[in-house]
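Peer 1: Protein sequence lines correspond, in order, to chains R and A.
Residue 39 in the UniProt record's numbering sits at position 39 of the first sequence, with consecutive numbering throughout.
Residue 56 in the UniProt record's numbering sits at position 56 of the second sequence, with consecutive numbering throughout.
One thing to keep in mind: the hints can contain errors.
Claimed, not checked - Once the Cα atoms are required to be at most 30 Å apart in a straight line, the calculated DSBU-like pairs of lysine-lysine come out as:
(1) K37(A) to K60(A)
(2) K146(A) to K129(A)
(3) K37(A) to K162(R)
(4) K60(A) to K4(R)
(5) K53(A) to K46(R)
(6) K192(A) to K164(A)
(7) K154(R) to K53(A)
(8) K45(R) to K265(A)
(9) K265(A) to K41(R)
(10) K54(A) to K162(R)
(11) K46(R) to K146(A)
(12) K192(A) to K53(A)
(13) K28(A) to K60(A)
(14) K45(R) to K37(A)
(15) K60(A) to K72(R)
(16) K129(A) to K41(R)
(17) K164(A) to K157(R)
(18) K164(A) to K217(A)
(19) K46(R) to K60(A)
(20) K72(R) to K4(R)
(21) K46(R) to K314(A)
Unchecked claim - Sample of chain A residues lacking proximity to chain R, with all beta carbon distances greater than 12 Å (derived):
(22) P41
(23) E56
(24) A87
(25) I113
(26) N133
(27) T183
(28) N195
(29) N274
(30) E276
(31) N308
What the hints assert, rightly or not - Below, a sample of chain R positions facing chain A; criterion: calculated Cβ distance under 8 Å:
(32) V35
(33) W43
(34) K70
(35) R146
(36) R153
None of these hints come from the bench; they were simulated from the model.
Glycine included, every Cβ here is placed at the ideal spot set by N, Cα and C.
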Amino acid sequence: MRSKDFKEQVYGLRNRLYRLAKWMMQNSEDAEDVVQEVFLKLWSKKETLGQYDNLEAFTIRVTKNLCLNKLKSKKTSLLSVDSIEVKDIHSTPLEVMSFKHNREIMDRIIGSLPEQQRAILQLRNVEGLSIRDISGILDLSENNVRVILSRARKQIKEKYVKYHDHV
Amino acid sequence: MSDLKLRSLLEKYYNGETSREEDELLLKLLEREDLPKEFYPDRAQFDYFEVSKKEELPRKWEIDLEQNLFNAVKAGKRPVHWFLKAAAVLVILFGITILVYQYQNKEMVWNEITSSDQQKEVILPDGSKILLNENSVIRFPEHFEKHQREVFIVGEAFFDVAHKDDWPFMVHAQNTITEVLGTTFNIRSYAKENNIEVVVLSGKVAFSSLKSDLQEKVFLNPGNSANFDKLKNSISKFEKSDPNSIAWKTNRLVFQDDLLDNVIKILENHFHINIEVINKELLNCHFRGTFENEDIKHILEVMAFTMNVSYKQKNGNTFELTGNGCSENKN
C-alpha cells in the first residue's frame with residue numbers, strides 16, 4: 001500500500017479507533033498511546049495491508065486486541081473494575097442533577113462492564129456498526145453478539161436505576 | 001407516538017434486536033421535552049452514546065504521529081504524473097533562484113531522514129545512494145557546499161558515493177570522520193554499541209576520529225575495515241573485514257568455521273530473534289555454511305543436520321537449540 005492510500009484508508013480511521021480505545025481503556029491518555037502504537041504497527045506493515053479486504057474491521061480488531069493486552073497487564077497492579085460499586089460515589093442532590101455528574105456516573109457504569117460487553121456496545125451504539133460486522137470482527141456468532149449486547153444495555157439501565165434509588 | 005410504542009421499541013432495544021434506524025428513532029423519541037420520568041434512565045444511556053460519538057484525538061497527538069509517519073518517507077518511489085513533472089520544473093527554477101540567494105547568504109537547510117523498523121533508501125542531492133539500516137538517522141544539507149559534501153549519521157548505513165574529483169565526501173558518525181571521493185562502504189555507528197565500524201567495498205577511504213589521542217587517520221582499501229573503540233578512544237585497522245558486516249543489505253550470511261557462540265549472535269542480530277542454547281558446551285562447536293536470502297528456519301535446519309542438534313520454535317521470536325556438543329565436528 002502506498003503512503004497516500006495509507007493516509008486515506010487507514011489513517012482516516014484514527015478517531016474511530018480512538019473512541020473504541022477510550023471505551024476499552026477508560027481514560028484518554030492510555031487510549032492515545034494505544035492508537036499511536038496501532039498506527040506505528042500498521043505503518044510498518046503497510047506493504048501487506050492491501051491484502052485485507054476489510055481494512056476497517058482489521059484495524060478495529062488490532063486495536064481491540066491491543067487494548068485487551070494492556071488491560072490484562074494493568075489488572076495485576078490495579079484493583080479490578082468489577083469491584084467498584086457505583087453506590088460508592090457520594091454526591092449531593094445538586095450534583096446529581098448536573099450533566100457532568102451524570103456523565104461521570106455513566107463512565108463508572110460502563111467501566112464496570114466486562115470488556116467484551118464494552119467493546120460490542122461501543123461498536124454498535126457509538127460507531128453504528130452492523131451486528132454482522134461486529135460478529136466478524138470479534139469472531140462471535142451474530143446471535144452471540146445480540147445476547148451480549150442485550151446484557152450490556154440492560155446492565156447499564158439496572159445500575160443507573162440502582163444508583164439513583166440509592167441517592 | 002404513544003408511550004406504549006416507545007415502551008415496545010425499548011424492549012426490542014434491550015433485547016439487542018433493534019436496527020440502526022430504530023435506534024435513531026429511539027434517540028429522537030427520548031430527546032422529547034415532555035418525556036415522562038420513567039424513561040430518564042433510558043435517555044441517560046442514549047445521551048452518553050451521543051457525546052461519545054463526538055470524541056476525537058487531540059490535534060497535538062495528530063501532529064506528533066503525522067511527523068513520525070509521513071514526513072520521514074520522502075525517499076519512497078512513486079509514479080510521477082506529467083503535471084507534477086511540469087510543476088517540478090517550475091519548482092527547480094524557483095529553487096535555483098533560492099539556491100543562488102542562499103549561497104550568497106551562506107545559509108544551510110538540513111534534511112533529516114529516519115528509518116524506524118524498516119530499511120530505507122535515500123538519494124542525496126549529489127546522486128549518492130544511501131541505504132539506511134533499521135533505527136538509523138541521516139542528516140544532510142539540501143545542497144552540498146562547494147568545497148565538500150558533508151553528512152551525519154546515527155546507526156548504520158551503506159554508502160554508494162557518486163564519484164566527483166575535488167569534491168570530497170565526509171561522513172560524521174559520532175566522533176569519527178570517514179572521508180572519500182567516490183566509493184562504496186558501510187558504517188555502523190549505533191549509540192548503544194562500543195565500536196564504530198567502517199567496511200570498504202570499493203575505492204579508497206580515510207577514517208579518523210576527533211577523539212583519538214593522536215588524531216590518527218587510517219587509509220582503507222577494498223576489503224579492509226576499521227574500528228573505533230569508544231572506550232579506548234583508539235582506531236584499529238584490519239586487512240580483512242567480516243563478510244557478514246553488510247549482510248543486512250545483501251542478505252548473504254557466511255560462516256567459515258566460526259564458533260557457534262558468534263554464529264548465534266550474528267543470527268540473532270540479523271533476524272531480530274532470540275536463540276536459547278540449553279547445553280552451553282554447544283557454544284564451542286564450529287559451523288560452516290553460506291546462505292543467501294534464506295530464512296532463519298532454513299539455517300537452523302542446516303545447523304541441526306550438520307551438527308547433531310535439534311531446534312524448536314518456542315514462540316514467534318524465540319528458538320531453542322538442544323544437543324550434546326559435537327564429537328564428529330572439528331574440535
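Peer 1: Run every hint past the structure and note whether it holds.
Peer 2: Verification of the supplied hints:
1. K37(A) to K60(A): violated, 42 Å
2. K146(A) to K129(A): holds, 19 Å
3. K37(A) to K162(R): Satisfied, since the Cα-Cα distance of roughly 15 Å is no more than 30 Å.
4. K60(A) to K4(R): With a Cα-Cα distance of about 21 Å, the restraint between K60(A) and K4(R) holds, given a limit of 30 Å.
5. K53(A) to K46(R): The given pair, whose Cα atoms are some 28 Å apart, holds under the 30 Å limit.
6. K192(A) to K164(A): violated, 34 Å
7. K154(R) to K53(A): Status holds; Cα separation ~21 Å.
8. K45(R) to K265(A): holds, 26 Å
9. K265(A) to K41(R): OK: K265(A) and K41(R) at ~26 Å, within 30 Å.
10. K54(A) to K162(R): holds, 28 Å
11. K46(R) to K146(A): Measuring from Cα to Cα gives roughly 39 Å; hence the hint is violated.
12. K192(A) to K53(A): violated, 45 Å
13. K28(A) to K60(A): violated, 35 Å
14. K45(R) to K37(A): Answer violated: K45(R) to K37(A) is near 52 Å, above 30 Å.
15. K60(A) to K72(R): holds, 28 Å
16. K129(A) to K41(R): Given that 30 Å is the threshold and the Cα spacing comes to 27 Å, the pair holds.
17. K164(A) to K157(R): This hinted pair is violated, its Cα atoms lying about 77 Å apart.
18. K164(A) to K217(A): Since the Cα atoms of K164(A) and K217(A) sit roughly 22 Å apart, the hinted pair holds (cutoff 30 Å).
19. K46(R) to K60(A): With a Cα-Cα distance of about 24 Å, the restraint between K46(R) and K60(A) holds, given a limit of 30 Å.
20. K72(R) to K4(R): violated, 35 Å
21. K46(R) to K314(A): holds, 27 Å
22. P41: Violated, because the least Cβ-Cβ distance between P41(A) and chain R comes to about 5 Å, which does not exceed 12 Å.
23. E56: Given a closest Cβ separation of 5 Å, the condition is violated.
24. A87: The claim holds: A87(A) sits with its nearest Cβ about 17 Å from chain R, beyond 12 Å.
25. I113: holds, 14 Å
26. N133: Per Cβ check, N133(A) is outside 12 Å of chain R; nearest 15 Å; holds.
27. T183: holds, 31 Å
28. N195: holds, 28 Å
29. N274: Its Cβ never comes within 12 Å of chain R, the nearest being 20 Å, so this holds.
30. E276: holds, 23 Å
31. N308: Consistent with the label, N308(A) stays out of reach of chain R, its closest Cβ about 37 Å off (over 12 Å).
32. V35: holds, 7 Å
33. W43: holds, 5 Å
34. K70: At about 17 Å, which exceeds the 8 Å cut-off, the nearest Cβ of chain A leaves the hint on K70(R) violated.
35. R146: Since chain A brings a Cβ to about 4 Å from R146(R), closer than 8 Å, the hint holds.
36. R153: holds, 5 Å
The structure is inconsistent with the numbered hints 1, 6, 11, 12, 13, 14, 17, 20, 22, 23 and 34, although it conforms to all the rest.
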